[in-house]
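Protein chains: 6
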Amino acid sequence: MAKNILAIGAHFDDIELGCGGTIARHVKNGDNVIMLVLTNSAYYNYDGTPIRTVEVAKKEGENAAKILGVDNLISVGLETKTLQYGFELIEIINKVIDENNIDIIYTHWDKDVHQDHSAIGRATLNAGRHVKNILMYRSNWYHTSFEFRGNYYVDISDFMDIKIASVKAHENEYRKFGDGWIEFFVNENRNAGQKIGCQYAEAFEVIKVFI
Amino acid sequence: MAKNILAIGAHFDDIELGCGGTIARHVKNGDNVIMLVLTNSAYYNYDGTPIRTVEVAKKEGENAAKILGVDNLISVGLETKTLQYGFELIEIINKVIDENNIDIIYTHWDKDVHQDHSAIGRATLNAGRHVKNILMYRSNWYHTSFEFRGNYYVDISDFMDIKIASVKAHENEYRKFGDGWIEFFVNENRNAGQKIGCQYAEAFEVIKVFI
Amino acid sequence: MAKNILAIGAHFDDIELGCGGTIARHVKNGDNVIMLVLTNSAYYNYDGTPIRTVEVAKKEGENAAKILGVDNLISVGLETKTLQYGFELIEIINKVIDENNIDIIYTHWDKDVHQDHSAIGRATLNAGRHVKNILMYRSNWYHTSFEFRGNYYVDISDFMDIKIASVKAHENEYRKFGDGWIEFFVNENRNAGQKIGCQYAEAFEVIKVFI
Amino acid sequence: MAKNILAIGAHFDDIELGCGGTIARHVKNGDNVIMLVLTNSAYYNYDGTPIRTVEVAKKEGENAAKILGVDNLISVGLETKTLQYGFELIEIINKVIDENNIDIIYTHWDKDVHQDHSAIGRATLNAGRHVKNILMYRSNWYHTSFEFRGNYYVDISDFMDIKIASVKAHENEYRKFGDGWIEFFVNENRNAGQKIGCQYAEAFEVIKVFI
Amino acid sequence: MAKNILAIGAHFDDIELGCGGTIARHVKNGDNVIMLVLTNSAYYNYDGTPIRTVEVAKKEGENAAKILGVDNLISVGLETKTLQYGFELIEIINKVIDENNIDIIYTHWDKDVHQDHSAIGRATLNAGRHVKNILMYRSNWYHTSFEFRGNYYVDISDFMDIKIASVKAHENEYRKFGDGWIEFFVNENRNAGQKIGCQYAEAFEVIKVFI
Amino acid sequence: MAKNILAIGAHFDDIELGCGGTIARHVKNGDNVIMLVLTNSAYYNYDGTPIRTVEVAKKEGENAAKILGVDNLISVGLETKTLQYGFELIEIINKVIDENNIDIIYTHWDKDVHQDHSAIGRATLNAGRHVKNILMYRSNWYHTSFEFRGNYYVDISDFMDIKIASVKAHENEYRKFGDGWIEFFVNENRNAGQKIGCQYAEAFEVIKVFI
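Chains as they are written, first to last, in the working numbering: chain A, 5 to 215; chain B, 5 to 215; chain C, 5 to 215; chain D, 5 to 215; chain E, 5 to 215; chain F, 5 to 215.
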């Protein structure tokens with residue numbers, strides 16, 4: 005039976021990096037997938053010149069969603085870097101959950117050092133309190149004072165190409181970060197695969213799983 | 005010698021659910037108990053129709069306090085769900101502590117997924133930095149990425165009936181949640197009792213205890 | 005496709021208490037279930053008079069397995085309370101895993117205060133290093149300096165009666181501990197069900213899950 | 005009403021260093037205190053020449069107990085450094101608990117780097133599973149991969165002199181370690197006092213407390 | 005080769021208390037040290053009368069910096085107690101890092117109970133994501149629900165006098181708190197020294213170290 | 005000034021995999037490096053036929069040490085898989101430390117699932133209690149119930165070739181595990197490098213560092 009899946013990201017590219025392979029697999033399985041991106045994902049130099057504009061971020065995000073096979077992309081358009089844990093953020097997520105009878109949520113790790121990521125991770129814990137499956141992903145590896153516990157593995161061996169393509173669809177970011185950006189996540193997924201016994205895997209931290 | 009006790013809750017019913025038996029026991033022992041409820045505890049549907057009004061919440065909260073035997077109920081009346089960890093919340097709690105020479109604080113678990121609960125739990129750590137006993141309770145069991153450590157047990161066998169009555173005094177909530185709501189907490193208190201060797205117990209996480 | 009399931013317990017009754025409902029569900033689903041019980045489960049008063057004999061423990065354990073629908077009960081017969089984390093215990097478990105191509109392991113929580121339980125939990129981490137799913141259960145609730153993280157829920161609503169019957173098949177223990185013994189676990193499973201949204205559930209701590 | 009207190013140490017001097025003030029206070033309050041020392045506390049150079057003999061350790065341990073006001077000193081006499089977590093150690097402690105109806109246990113921190121200390125700490129968790137209060141102390145500060153959580157404070161301001169005298173009664177150790185040994189613990193107790201608001205305090209990690 | 009060092013504090017005196025000896029040592033070694041103090045450090049009674057004025061705090065902070073040998077003191081002047089984890093705080097710190105090619109950051113412990121301290125500690129994790137060394141210090145010892153892990157020791161034996169002088173330069177605070185304030189930190193540094201094998205040491209929690 | 009370095013491994017190849025680059029760098033810097041390998045590293049099929057003989061393991065281990073530039077290889081020759089945390093293991097390590105005035109220890113992660121690894125990691129905590137620097141490495145990535153905290157990075161960019169050569173010197177293992185074995189560690193070191201800002205890095209968990 006088709007499941008209702010919600011993938012939540014702060015910025016265009018977070019979902020792709022953190023759980024793009026898993027999303028592509030859900031699509032292949034016929035599940036209903038919603039991608040919920042909270043910010044407009046634009047950002048700027050100290051002098052205000054844009055590194056990534058609202059328009060480019062959105063267009064590339066839409067392309068990436070298409071590559072993953074996701075039609076339902078909800079872009080909330082909050083200002084990048086300004087997310088705060090609290091009522092408003094919780095309610096936005098809560099509403100999407102309530103209206104779509106969500107079975108599984110993929111969300112940011114609540115201890116990520118990026119303020120937008122951690123705000124979303126924490127908000128999801130509250131908004132998703134009645135959802136039966138919550139799994140957290142990482143889309144960066146900056147150091148914090150907690151350790152990510154990768155304990156839920158999804159075999160994405162058949163979807164690695166799609167994942168990479170969806171990340172590369174963020175051409176503006178790809179130009180900026182270069183191939184090292186791709187290489188890092190490929191290495192992570194390859195080693196996660198070795199840990200669990202398949203070619204490529206995405207690793208999540210379990211908040212709750214219901215069988 | 006009578007002790008000065010401060011029980012802090014976000015909403016009318018939190019204190020009752022989390023430490024109602026312990027409060028009733030303090031009252032029985034002749035201690036001075038203050039119940040400090042931070043929000044007006046009203047909440048609404050997405051369309052703005054109230055599920056619980058300010059007036060009902062307050063009236064039922066007052067009834068519950070009476071059942072527990074507490075005269076000193078301080079209702080701050082902040083908007084439900086809007087509490088944020090920070091200066092203002094800390095100062096409100098700080099002032100109550102300073103004016104009442106508090107010996108023991110019962111407060112929310114600082115890692116609770118409800119934003120009002122965690123804000124209060126965290127604020128209490130700062131506001132209560134000079135108080136000699138701080139104990140944290142849970143008034144819901146939603147999943148987070150930390151685990152509650154129940155390591156301080158209070159025998160409430162003689163006060164279980166009062167606790168249940170004080171929870172049921174929240175008639176609006178009781179109608180909404182039904183008997184499963186009561187049953188959950190009775191089961192928790194019963195099993196906590198079995199763990200420590202009495203009929204019913206409330207379990208707290210110790211921040212600090214002074215003997 | 006039928007899966008190969010391994011449930012590991014120190015003593016006759018641990019598996020039943022910790023994951024009896026889950027086991028009954030696997031049997032119902034047509035999976036191949038092995039119950040591996042490491043000790044003979046006998047124990048004695050300080051003066052050497054038996055509280056539970058080898059023969060009674062075994063016979064009642066066999067009855068319990070039958071109630072759960074499990075034919076394949078492996079009884080290793082080590083002395084109760086003498087299990088130690090190390091080579092021998094790891095090898096015993098390792099061999100059962102290698103010979104049966106195990107997909108999912110249910111084992112003791114590695115931080116349980118009972119020495120037999122923790123030895124098995126730790127040994128399983130090594131023995132099961134190439135198994136794709138390891139889940140830990142609790143069969144007692146004594147206090148330790150770590151907290152169990154119940155984050156994997158199995159709906160056992162349709163199997164609660166079977167679970168209770170399998171526990172009561174340990175007549176010797178049931179006589180000793182009385183109905184409070186049953187009540188404790190029923191309450192736990194009932195509240196776990198409330199937490200995740202079903203009638204009764206068993207909660208496990210995830211070591212790794214592979215999808 | 006007088007309580008039955010059990011203080012457990014690996015070597016003569018551990019109890020004095022870790023909870024000597026608390027023990028002296030219990031004695032003053034009329035409680036029944038048992039000191040249970042598991043090893044003979046002798047130790048040797050690599051070449052076998054004794055640094056501390058069985059006889060000296062015992063005699064000085066008895067003197068220290070007297071200074072604390074404790075008559076009931078049980079010396080088990082196991083070989084120093086050879087303690088292992090397991091059946092035998094658990095049973096020794098279990099028996100003392102069963103025969104003396106113990107209300108409160110003070111024991112080693114289960115994560116102490118000294119093998120004798122951690123073995124006792126872990127064994128106490130099992131042996132004391134039905135005891136209502138278990139508190140862990142530190143008697144050294146070597147680094148491990150866990151952090152001690154001092155969250156239960158006992159005001160020992162009136163008993164600091166007795167504590168120091170009981171430590172100094174271990175003349176052999178005092179000669180070896182010098183005044184820095186005493187200074188370290190005095191500083192710890194003084195700063196613990198500052199943290200909780202008294203002159204001198206001993207800090208314990210709570211396993212469980214029952215009120 | 006001279007290193008670029010950034011010490012971050014919420015209030016004038018935090019850096020001195022938490023890492024004053026380490027700063028003095030960096031200065032002695034010829035490193036370039038920046039002290040970044042985020043608030044104006046004034047605070048008031050409930051009735052609004054100042055306990056510490058903006059002017060006094062700043063002047064004494066400048067004196068303290070001079071005693072440590074630091075010329076580069078950046079005072080941001082935000083309101084005391086109002087710091088919040090988020091975009092603005094992160095950007096302020098980020099800019100100082102970017103403009104000064106920082107090698108090592110000393111910052112507040114991200115779990116400190118003071119809201120200004122924890123906001124800075126968390127903000128540094130993000131702002132310093134590309135800095136190779138981040139170390140956290142404590143400047144108070146109030147209880148929280150996490151434990152500080154002191155695992156990076158700096159020998160400050162030759163700089164203890166300078167540290168004490170820099171703390172005492174905060175005459176307004178010193179008058180208020182008295183010698184117990186100094187004594188507490190001297191005891192901490194002395195015992196940290198004993199733990200690691202020198203006379204006085206400051207202990208930090210490692211976020212990341214790069215060799 | 006040359007430092008005295010001790011690298012401890014359970015089996016021939018553990019040190020190479022976990023900290024081979026760091027060791028090669030110490031050698032290059034002129035430090036005195038001791039490699040201490042506790043077991044003979046032989047292991048067998050269930051039927052007793054050797055997968056790796058004592059002789060082969062030793063010879064290849066000696067070759068690997070030469071590749072790293074280490075002359076001082078101490079091979080204790082205990083039986084593989086039989087190591088237990090306790091007196092004997094602690095004393096062996098203690099003696100090497102005492103006789104060589106060790107400044108820095110690299111040892112197994114104390115929570116590794118392999119019994120030999122964790123026994124050594126734990127034993128080092130005690131044996132190295134007076135050593136000023138202890139760092140833990142991983143030489144496998146099997147799942148446990150704790151998470152490794154990589155927070156101390158060593159730039160091994162110039163030593164990656166040597167490290168790979170030293171691992172491949174274990175020809176018997178290399179034949180068995182194939183290139184995936186090498187690939188896994190190269191990916192780990194490459195991604196660790198990306199995390200900290202260099203080409204290749206080895207990541208350790210800090211127990212204590214002294215500056």
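I should point out that these hints are in silico values taken from the structure, not numbers from a laboratory. It cannot be assumed that every hint is accurate.
One copy or any two copies: either way a pair holds, since identical chains are not told apart in the list.
Unchecked claim - As a list, the in silico BS3-like pairs of lysine-lysine whose alpha-carbon atoms are at most 25 Å apart:
no., residue 1, residue 2
1, Lys32, Lys85
2, Lys199, Lys115
3, Lys85, Lys199
4, Lys70, Lys115
5, Lys62, Lys172
6, Lys199, Lys62
7, Lys180, Lys7
8, Lys115, Lys136
9, Lys136, Lys172
10, Lys180, Lys32
11, Lys199, Lys70
12, Lys7, Lys199
13, Lys7, Lys63
Consistency of the hints with the structure:
1. Taking the shortest Cα distances, Lys32 and Lys85 never come within 25 Å of each other, neither inside one copy (33 Å) nor across copies (39 Å).
2. Proximity of Lys199 to Lys115 under the C-alpha cut-off of 25 Å is found in both arrangements, the shortest distances being 23 Å within a copy and 17 Å between copies.
3. Proximity of Lys85 to Lys199 under the C-alpha cut-off of 25 Å is restricted to the inter-copy arrangement: shortest distance 21 Å between copies versus 34 Å within a copy.
4. In this assembly of identical chains, Lys70 and Lys115 lie within 25 Å of each other by CA distance neither inside one copy nor across copies; the values are 29 Å within and 38 Å between.
5. With identical chains, the CA atoms of Lys62 and Lys172 are at most 25 Å apart within one copy only, with a shortest distance of 14 Å there and 48 Å across copies.
6. For a Cα distance limit of 25 Å, the shortest separation of Lys199 from Lys62 qualifies neither inside one copy, at 35 Å, nor across copies, at 28 Å.
7. With identical chains, the CA atoms of Lys180 and Lys7 are never at most 25 Å apart, being 36 Å at best within one copy and 28 Å at best between copies.
8. When the C-alpha separation of Lys115 and Lys136 is checked against a cutoff of 25 Å, the pair qualifies both within a copy, at 21 Å, and between copies, at 20 Å.
9. In this assembly of identical chains, the alpha carbons of Lys136 and Lys172 never lie at most 25 Å apart, being 32 Å within a copy and 28 Å across copies at closest.
10. Proximity of Lys180 and Lys32 under a CA criterion of 25 Å is satisfied in neither setting, with 31 Å inside one chain copy and 36 Å between copies.
11. In the homo-oligomer, the alpha carbons of Lys199 and Lys70 never lie at most 25 Å apart, since the shortest distance is 30 Å inside one protomer and 30 Å across protomers.
12. With identical chains, the CA atoms of Lys7 and Lys199 are at most 25 Å apart between copies only, with a shortest distance of 21 Å across copies and 27 Å within one.
13. Taking the shortest Cα distances, Lys7 and Lys63 never come within 25 Å of each other, neither inside one copy (27 Å) nor across copies (43 Å).
Violation of the numbered hints given earlier is confined to hints 1, 4, 6, 7, 9, 10, 11, 13; the remaining hints are satisfied by the structure.
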